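*Asks:* Sequence order for the protein chains is E and W. In this text, residue positions in the first sequence follow our numbering: the first is 1, and each later residue adds one. In this text, residue positions in the second sequence follow our numbering: the first is 1, and each later residue adds one.
Simulated from the structure, these hints should not be mistaken for lab results. Here the structure is a predicted model, which means the values were calculated and not measured. Careful, some of the hints might be misleading.
Below 30 angstroms or equal to it, Euclidean Cα-Cα: the simulated BS3-like pairs (lysine-lysine) are [stated by the list, open to error]:
| # | chain 1 | residue 1 | chain 2 | residue 2 |
| --- | --- | --- | --- | --- |
| 1 | E | Lys121 | W | Lys121 |
| 2 | W | Lys43 | E | Lys43 |
| 3 | W | Lys97 | W | Lys43 |
| 4 | W | Lys121 | E | Lys51 |
| 5 | E | Lys48 | W | Lys108 |
| 6 | W | Lys41 | E | Lys104 |
| 7 | E | Lys20 | W | Lys100 |
| 8 | E | Lys72 | W | Lys41 |
| 9 | E | Lys43 | E | Lys100 |
| 10 | W | Lys72 | E | Lys73 |
| 11 | E | Lys68 | E | Lys108 |
| 12 | E | Lys97 | E | Lys121 |
| 13 | E | Lys97 | E | Lys43 |
| 14 | W | Lys36 | W | Lys20 |
| 15 | E | Lys73 | E | Lys108 |
| 16 | W | Lys43 | W | Lys68 |
| 17 | W | Lys41 | W | Lys72 |
| 18 | E | Lys43 | E | Lys72 |
| 19 | W | Lys30 | E | Lys134 |
| 20 | E | Lys134 | W | Lys20 |
| 21 | E | Lys108 | W | Lys51 |
| 22 | W | Lys100 | E | Lys100 |
Number of protein chains: 2
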Amino acid sequence: MNLSHIEHIGIAVNSIEEAKSYFEDVLGLKCYTTEKVTDQKVKTAFFKIGKTKIELLEATSEDSPIAKFIAKKGQGIHHIAFAADDVNASLKEAEEKGIKLIDKQSRKGAEGLNIGFLHPKSTFGVLTELCGTK
Amino acid sequence: MNLSHIEHIGIAVNSIEEAKSYFEDVLGLKCYTTEKVTDQKVKTAFFKIGKTKIELLEATSEDSPIAKFIAKKGQGIHHIAFAADDVNASLKEAEEKGIKLIDKQSRKGAEGLNIGFLHPKSTFGVLTELCGTK
Chain E
1 MNLSHIEHIG IAVNSIEEAK SYFEDVLGLK CYTTEKVTDQ KVKTAFFKIG KTKIELLEAT
61 SEDSPIAKFI AKKGQGIHHI AFAADDVNAS LKEAEEKGIK LIDKQSRKGA EGLNIGFLHP
121 KSTFGVLTEL CGTK
Chain W
1 MNLSHIEHIG IAVNSIEEAK SYFEDVLGLK CYTTEKVTDQ KVKTAFFKIG KTKIELLEAT
61 SEDSPIAKFI AKKGQGIHHI AFAADDVNAS LKEAEEKGIK LIDKQSRKGA EGLNIGFLHP
121 KSTFGVLTEL CGTK
């Protein structure tokens with residue numbers, strides 16, 4: 001598969017409002033957009049550093065995957081996303097190489113990108129997203 | 001503080017030997033160096049994607065911070081590191097803004113860089129490293 005850079009790092013937080021001032025006032029990054037992703041039951045806030053985005057994730061309901069993650073592991077890094085030239089082809093290649101997939105086909109994620117997740121059981125505990133325009 | 005990009009993402013693994021084939025054969029990244037960091041009791045393996053490095057971390061003894069991390073949380077993302085123009089000035093600024101530090105002064109890390117860590121209690125659960133040549 002052809003991956004060009006770390007597209008974003010997803011961080012699960014209790015409250016975007018609280019976390020935002022750390023990323024802005026301490027690290028000096030700027031929040032350039034916020035978005036609700038209804039099917040994931042999250043609110044997101046995006047910051048950019050180099051070519052990589054920091055995506056803060058806040059649950060909008062108790063059965064959100066982010067609420068469950070925080071209940072189990074606490075706030076912290078939730079996933080990393082690699083920019084892929086072709087998300088579906090990359091998912092297929094990963095599966096052929098024995099990787100367990102969460103998504104067999106890409107779906108729409110934040111910022112309108114095609115996204116698909118590899119299962120952390122196959123990726124040394126790292127919840128791994130592939131994303132791109134194709 | 002002035003941060004330019006994600007310098008690296010540190011991933012705690014049980015065995016670099018086992019994890020390496022996933023990063024090389026599935027994700028298509030190349031391991032360009034391995035290194036022992038004696039004072040951290042770890043072996044490291046580095047891959048590069050865009051301007052960001054993936055740093056695999058394997059404990060070399062049971063009292064290594066990485067062995068303790070895996071015992072508590074399992075394999076997975078251990079920390080993220082931001083490239084800072086001046087590590088000591090950035091640590092000082094963070095402390096003045098109320099962030100708890102692990103390192104009050106920078107020290108030498110992998111690849112000969114100056115590094116310093118912010119405490120995850122102040123950074124929404126994300127163990128955060130600042131690193132750079134200065």
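*Asks:* If a hint holds in the structure, say so; if it does not, say that too.
*Replies:* Verification of the supplied hints:
1. E:Lys121 to W:Lys121: With a Cα-Cα distance of about 27 angstroms, the restraint between E:Lys121 and W:Lys121 holds, given a limit of 30 angstroms.
2. W:Lys43 to E:Lys43: 38 angstroms, violated
3. W:Lys97 to W:Lys43: 34 angstroms, violated
4. W:Lys121 to E:Lys51: Holds, because 27 angstroms separates the two Cα atoms, which is no more than 30 angstroms.
5. E:Lys48 to W:Lys108: 27 angstroms, holds
6. W:Lys41 to E:Lys104: Roughly 39 angstroms separates the two Cα atoms, so the pair is violated.
7. E:Lys20 to W:Lys100: 17 angstroms, holds
8. E:Lys72 to W:Lys41: Roughly 28 angstroms separates the two Cα atoms, so the pair holds.
9. E:Lys43 to E:Lys100: 27 angstroms, holds
10. W:Lys72 to E:Lys73: This hinted pair holds, its Cα atoms lying about 10 angstroms apart.
11. E:Lys68 to E:Lys108: 22 angstroms, holds
12. E:Lys97 to E:Lys121: Measuring from Cα to Cα gives roughly 14 angstroms; hence the hint holds.
13. E:Lys97 to E:Lys43: Measuring from Cα to Cα gives roughly 34 angstroms; hence the hint is violated.
14. W:Lys36 to W:Lys20: 16 angstroms, holds
15. E:Lys73 to E:Lys108: 26 angstroms, holds
16. W:Lys43 to W:Lys68: The given pair, whose Cα atoms are some 15 angstroms apart, holds under the 30 angstroms limit.
17. W:Lys41 to W:Lys72: With a Cα-Cα distance of about 17 angstroms, the restraint between W:Lys41 and W:Lys72 holds, given a limit of 30 angstroms.
18. E:Lys43 to E:Lys72: 19 angstroms, holds
19. W:Lys30 to E:Lys134: 24 angstroms, holds
20. E:Lys134 to W:Lys20: 27 angstroms, holds
21. E:Lys108 to W:Lys51: 26 angstroms, holds
22. W:Lys100 to E:Lys100: Given that 30 angstroms is the threshold and the Cα spacing comes to 39 angstroms, the pair is violated.
In summary, the numbered hints that this structure violates are 2, 3, 6, 13, 22.
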